[in-house]
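S.K.: Spelled out from the first residue to the last, the chains are:
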Amino acid sequence: MQIEIDHISKEFGATAALHPVSLSIPSGALVALLGPSGSGKTTLLRILGGLEFPTAGRVLFDATDATNLTVQDRRAGFVFQSYALFRHMTVFENIAYGLRARPRAQRPAKAEIARRVTKLLELIQLPDIGARYPSQLSGGQRQRVALARALAIEPRMLLLDEPFGALDARVRKELRAGLREIHDTTGLTTIFVTHDQDEAMELADLVVVMSMGRIEQIGRPQDIRARPATAFVKEFLAV
Amino acid sequence: MRSPLINRSPLPGMALSAGITLTLLSLVVLLPIGALLLKGATAGLPSLWAEVNTPRIWGALYLSFRLSLIAALINLVFGVALAWVLVRYRFPGRRFLDAAVDLPFALPTAVAGIALTALYAPNGAFGAIARDLGFKIAYTQSGILIALIFVGLPFVTRTVQPVVAEIEREVEEASATLGATRAYTLRRVVLPMLAPAAMTGFALSLARAVGEYGSVIFIAGNIPLKTEIAPLLIVIKLEEFNYVGATAIGIAMLLISFAMLLLINAIQVFSRRRIGYV
Amino acid sequence: MSDAPITHSRPAHRPPTHRPVTTESPGFRYALIAVVVLFLAFLLFAPLVAVFAEALSKGAIEAVTSLANPEATSAIKLTLIVAAVAVPLNAVFGIAAAWLITKYDFRGKALLITLIDLPFSVSPVVAGLCLVLTFGANTAIGGWMVAQGYPIVFALPSIILASMFVTFPFVARELIPVMIEQGRAEEEAALTLGASGWRIFFTVTLPNIRWALLYGVLLCNARAMGEFGAVAVVSGKIRGQTATMPITIEMLYNEYLSVAAFSLAAVLALLALLTLTLKTLLEWRFADQLAAAHRP
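So the sequences go chain by chain: A, B and C. If you count the first sequence from 1, you need to add 2 to reach my numbering. If you count the second sequence from 1, you need to add 1 to reach my numbering. If you count the third sequence from 1, you need to add 1258 to reach my numbering.
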């Protein structure tokens, strides 16, 4: 799905988290929102997911205005930084949640839900953990379950907030490859937030560097590396 | 391998603190409860049974337990709602309301008892309204119920409040991004997360209500088989110098307390094991 | 590119006000607030108001005069004596038990904690019964004490014991979580610096737990002064001798001396309000030094 961010701004009380920003994301891209904390990248992601609403500006999905679409109707697969798994539900129940929450008329049959969950467990390469509780999983497993749960609703896009933030270096590397693979299989427009430039550069097709609520540069990783557009980008990449 | 009975510690004071703890615990709690059990053992099961096995005592135990259960259920519902309102909503007077929830803990039961009676008796402010509508609150089982709700009110709220405060917003947001309506999120995500704490509060409130005396006897009317609670029967037996009778009811109530203590522990162990938190 | 001026070429698009996804609709919120406020109004606030209204129903003078009557004054005195003995003893117990439980590792700790908590789940009347069966005149201990001229039951000692029983876990319960959270490092550091046990306690531990201790003592005191069921069983309700304030309230009430009963009740209600106020202030002011459950 093609995403158009059109002069989006966001104010929390008197402070501006986002100055009007505009950004066009081609269908099927894997995009990194890169920046230090407080740069507005998570706010932008949450606006796309329908968890925050912009103070001004529009969001268009495939050229249709989606600014006022409720979070429930957006069908954005959202993976939270803390994963936000439901601790009182098994992995199976977590993944099935979005399907079971649908109104009766649109809810798939029990067997169909089971089939889809099994397929997703295979996709994340954890076929045998359906009966476990989140507390019994490692950090990397939790992240993948959160991803599978987001994919279960057949999302129109995938939004990930610091998806590898809470993991150690080795698992992080492994899961990066996993995300790339899932992106390539599903073909979903995928946007993830990160403060780690290596992660952004290695994984994304398109990197959006942000600072202080503004977009500093948009471009392919190699272009940004070769030609930093602003002093900030130069300095940020140098670290 | 079993851990040693006592791990050596460099900090002094173990003997002294153990001495004080065990002496006072024995003198104030263990010895008296032991005396009750010993009295029961000397009397023998048959005579205890004979004392308990009368319609009046069964009636009182059943009444106490049944009304306590209803009161605890009402407190469960309102306690969860109250905890939610106090943690999640911002409105004028919230902090005052929050502080006031503990009133039943701080207000002596006898004071609560006469105050509730004054209000809900047929000539009281609320009782008069009820009388005009054709029913009676004080000196009936409804009166007992009101007193029991009063004494058990803070338990559920106070156990659930910290759990509500700890729910990560992201979990609720996750539910919404997956397409769930707010009502579905509350039912399937929030309430199950509150359930273990709510059940603990429920059990505490129930335990308190079953043993409650001070606030109930004034409003109850104390009519045998109708509004006579179990603790009152102990007092009556003692006034008749029927120590075996009092012991029998006392042991029965102690057993109910222990059962509830076990229930609370089981809830906590169960939820900790399964979900990794209480 | 985002440094572009904020001026829009198209009319500024203002979305309708959205509420955060983690809140309920305003209608639901107001309804729920209204329900719980009504619930508390009927069950909590109305009785509190009733106490003072009944006490003052024949005027303030009548209410105050009734408190000056010897029955009331002796009840107030007795209640103060009971609290003055029972509360410090329970505070000492609470500190000792919390020190034992949090500073050392030994087997049976969980059982000890359960036993300390036991009085919470025992009916006050059963507690009174237990004391009568232990220290009553027809028991070995009680009989001997009566022979020595110091009866326990139907006298001051049993009232103190009953008050201690029902408030037994209060202080320990407040201190244990706080002391667990604080760990042992500070005490061990003091030890390596050569401090004695008492010095460690007074200079390191006590400053860390004082507000939690005060919190526990406050609750313990309120309950000890107001205890009814257990005291009703052990005191024998001897007028002017073993009738505490709550017992006297019952006697006056049963004699239809409404103003006198409610005036005495109002004194206890004021104490309860004072307790709640201090407790709330502690929670606001010293939240970091109280058990996690009491942090607003």
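Worth flagging that the hints you see were computed from the coordinates, not collected in a lab. Among these hints, one or two may not hold up.
[Stated by the list, open to error] Straight-line Cα separation of at most 30 Å, DSSO-like style, residue types lysine-lysine; simulated pairs:
{"#": "1", "chain 1": "C", "residue 1": "1495", "chain 2": "C", "residue 2": "1316"}
{"#": "2", "chain 1": "C", "residue 1": "1495", "chain 2": "B", "residue 2": "227"}
{"#": "3", "chain 1": "A", "residue 1": "175", "chain 2": "A", "residue 2": "121"}
{"#": "4", "chain 1": "B", "residue 1": "137", "chain 2": "C", "residue 2": "1316"}
[Unchecked claim] Chain B is nowhere near these chain C residues, computed Cβ spacing over 10 Å in every case:
{"#": "5", "residue": "1322"}
{"#": "6", "residue": "1323"}
{"#": "7", "residue": "1405"}
Every residue gets a Cβ at the ideal spot worked out from N, C-alpha and C, and that includes glycine.
S.K.: Decide, hint by hint, whether the structure agrees.
M.R.: Consistency of the hints with the structure:
1. Taken as a hint, the residue 1495(C) and residue 1316(C) pair is honoured in the structure, with Cα atoms around 28 Å apart against an allowance of 30 Å.
2. Our distance criterion of 30 Å between C-alpha atoms is met by residue 1495(C) and residue 227(B), whose separation comes to about 27 Å.
3. Annotation: proposed proximity of residue 175(A) to residue 121(A) holds, straight-line Cα distance about 24 Å (limit 30 Å).
4. For a cut-off of 30 Å, the pair hint linking residue 137(B) to residue 1316(C) stands: about 27 Å separates their Cα positions.
5. Non-interface call for residue 1322(C) relative to chain B: holds, since the shortest CB-CB distance, roughly 18 Å, exceeds 10 Å.
6. With 10 Å as the threshold on Cβ separation, the claim that residue 1323(C) sits away from chain B holds: the shortest Cβ distance comes to roughly 19 Å.
7. Every C-beta of chain B lies more than 10 Å from that of residue 1405(C), the closest at about 19 Å, which supports listing it as non-interface.
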